[in-house]
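Number of protein chains: 2
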Amino acid sequence: MVYYLGTQRLIELTTTVSLEYILLGIIQSMEEDFLNWQHFSLVPRHATFGEHGVIELMVVNNQKDYAFKYVNGHPNNTQQQLLSVTGFGVLSQMENGYPTFISEMTLLTAMRTAATSALAAKYLAPNTNTMALIGTGAQSEFQAHAFRALLGIDTLFIYDLDHQAMEKFIHNLEPQGFKIHPVNGIEAAIAHAPIITTCTTHQGSKGLIEPQFLKPGQHYNAIGGDSPKKIELVASALDKADIFVEFYDQSAIEGEIKHCLQHPSITELWQVIQKKRPGRIHEQQITIFDSVGFALEDYSTLRYIYQLAKTHDCLDHLDLIPDPIDDPKNLYQLLHPA
Amino acid sequence: MVYYLGTQRLIELTTTVSLEYILLGIIQSMEEDFLNWQHFSLVPRHATFGEHGVIELMVVNNQKDYAFKYVNGHPNNTQQQLLSVTGFGVLSQMENGYPTFISEMTLLTAMRTAATSALAAKYLAPNTNTMALIGTGAQSEFQAHAFRALLGIDTLFIYDLDHQAMEKFIHNLEPQGFKIHPVNGIEAAIAHAPIITTCTTHQGSKGLIEPQFLKPGQHYNAIGGDSPKKIELVASALDKADIFVEFYDQSAIEGEIKHCLQHPSITELWQVIQKKRPGRIHEQQITIFDSVGFALEDYSTLRYIYQLAKTHDCLDHLDLIPDPIDDPKNLYQLLHPA
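Chains as they are written, first to last, in our numbering: chain R, 1 to 338; chain Z, 1001 to 1338.
It is worth saying that the hints were derived from the structure and are not from the lab. One or more of the hints may lead you astray.
[As the list claims (entries may be wrong)] Computed footprint of chain R on chain Z, listed as stretches where at least three residues anywhere in the stretch have a Cβ under 8 Å from a Cβ of chain R:
#1 1047-1053
#2 1180-1193
#3 1259-1271
[Said to hold, decoys possible] To give an idea of the chain Z side of the interface with chain R (calculated C-beta under 10 Å), a few residues:
#4 Y1004
#5 G1137
#6 A1165
[Said to hold, decoys possible] DSS-like, lysine-lysine: derived pairs with alpha carbons at most 25 Å apart:
#7 R:K206 / R:K179
#8 R:K229 / Z:K1206
#9 Z:K1258 / Z:K1206
#10 Z:K1258 / Z:K1215
#11 Z:K1229 / R:K64
#12 R:K122 / R:K275
All values reported here derive from a predicted model rather than from experimental measurement. Glycine included, each C-beta is placed from N, C-alpha and C at the ideal position.
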């Protein structure tokens, strides 16, 4: 049998232990895996592009575990009352190839993306209780919770083209104790905050964040520019900053850096976490975390949530494979039991 | 919600309509897709090799559908009472990226492999009611059923190194009306049969089938040599035959042909089905179908079984993704319903 965690059970689990508890667990799991970066086989994701979007398989393994996530990205889905991103993930054992755990990863992808952002900010961002959020779509509340859980940020300047999305954000997070200030433009939001998270669905290669918006000492957490056709920062804005990525080979295709591969300061985050390269080194430095999402983060998330759900008895069973089996050479017997 | 077909429900469905009915349905679905070969994006599988085996993701899509199969190959699993091959598959829609159907594919892989073999034999094999089966492991009974369902073959000469596996085969298939003759060696089995199916787990690159075993007019269905380290036919045996493969790029790595890429007669099966290249052209011709398994065959199988299971009300539901959702920009609301 294969263990299964569906959306409903994950929601129950979140209610039991709290979203921020889970986010901190994912961050910790991720930090451990980034410390073991060299023990994983890392490959760019397998992407299938269609007219309306992309379907990706993100695979990673070490000697013991294998993991993959199925995830789609269809920006126009929201016009048909569908999510633009859905996903699910699988853990299996390298030793025998048996899948052991299958999980919803629509909610978990939102959690792991926020966890990654907060983990990067721990190493790269200035100390503050204030963040600007540009884009208040499906990902935004998770970002806010992860930054509060890990770094104590509780004051948010927010901006979105879509006013209803801003109202939704306020409606969701004011009851959770956040101090929220809606503003009427990107520049106004950025002006108030030492940390800026951009999680927009902005289409196009021009970018939203102009170079003159950037202020000394700021940390940018850019997570919306995650495909070959999307960027959030105008290319010349990157010149002013030190850039940090998850996995260079993938970010070079999908991330903000795709327009400035000659940039003199691009560092992979694991190098900072392992203290092989510096993170934030002075107060005036502008840092950019150019995040596109990476398979190892999904593995860290699956590994953590599997154990947590087991502990809280939140796992179901699926007969996705015939296990156990009496005689492995007698698969046919399943159809004609003796 | 995502539709789910687990092992137990597939067994029920097989009992309802019969294994041979399903095999014929898969063959027909596959023949349709081979006739539309040019409309699919075909890529070699994504393989992750470990110390004990391989885990593969096999992906295929056309403009409308996307499919992948997770499958492992761990030859020594049987020593621990585990299957050497397990799998599951997923269908989704290119238009919005939503997964629609997830299914067990351990039994289905055995069925689709047998269906592919029978489909190839329809175009390549001589008319006969007799087949030799070398190797009577987990795959063998499915081969026998597919050849009977499509071509009327009911007389089998069988050989396996493992006598218990031969007894198991007889025990399973004699009650199903097959005439079965166990023999005490590969050459003896081959001597009696116009069609020879090799489905062994033979390890190593030397091969089991010697060139002097081959007789004019025979058709070889070689399905056990399916990884870079395994072959079933001694390389010089291939010289005597016309060879047919599923997808050259993949067979060149995994199939029998990997040791004779300069062979003058290697044809892809779809070319024969589409009448672009000849199949069997004279009575003395020796043909070899060098089958390694290909993603399109899994798609054909998933597509067919999904419809069949729907018709017979054999599908369950899984909350693998949050669907439906009230407001796609408000993923967070799932955690804090209004």
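> Within 25 Å, alpha carbon to alpha carbon, are K229 (chain R) and K1206 (chain Z)?
Replying inline: Not OK: K229 (chain R) and K1206 (chain Z) at ~50 Å, beyond 25 Å, violated.
> Close enough to count: is the Cβ of Y1004 (chain Z) nearer than 10 Å to one in chain R?
Replying inline: holds, 8 Å
> Regarding the hint that A1165 (chain Z) lies at the interface with chain R, is the smallest CB-CB distance below 10 Å?
Replying inline: Check passed: Cβ of A1165 (chain Z) comes within 5 Å of chain R, closer than 10 Å.
>> Can you tell me if the region 1180-1193 of chain Z counts as covered by chain R, using C-beta to C-beta distances under 8 Å and a minimum of three residues?
In response: With 0 residues in contact (Cβ-Cβ under 8 Å with chain R), the coverage given for the region 1180-1193 of chain Z is violated.
>> At least three residues with a C-beta closer than 8 Å to a C-beta of chain R: is that true for the region 1259-1271 of chain Z?
In response: Since three or more residues must qualify, the claim that chain R covers the region 1259-1271 of chain Z is violated, with 0 doing so at under 8 Å.
> Do the alpha carbons of K122 (chain R) and K275 (chain R) lie within 25 Å of each other, as the hint requires?
Replying inline: Within the cut-off at roughly 13 Å; holds.
> Taking the closest Cβ pair, is G1137 (chain Z) under 10 Å from chain R?
Replying inline: holds, 5 Å
> Taken at face value, is the distance from the CA of K64 (chain R) to the CA of K1229 (chain Z) at most 25 Å?
Replying inline: holds, 22 Å
>> What's the verdict on K1258 (chain Z) and K1206 (chain Z), does the C-alpha distance respect the 25 Å limit or exceed it?
In response: The hint holds at about 12 Å.
>> Can you confirm whether chain R covers the region 1047-1053 of chain Z, using C-beta to C-beta distances below 8 Å and requiring at least three such residues?
In response: holds (count 5)
>> Next pair to validate is K1258 (chain Z) with K1215 (chain Z); report whether the Cα-Cα distance is within 25 Å.
In response: holds, 23 Å
> Between K206 (chain R) and K179 (chain R), does the CA-CA distance stay at or below 25 Å?
Replying inline: Violated, at about 32 Å.
Of the numbered hints given earlier, the model fails hints 2, 3, 7 and 8; all others are met.
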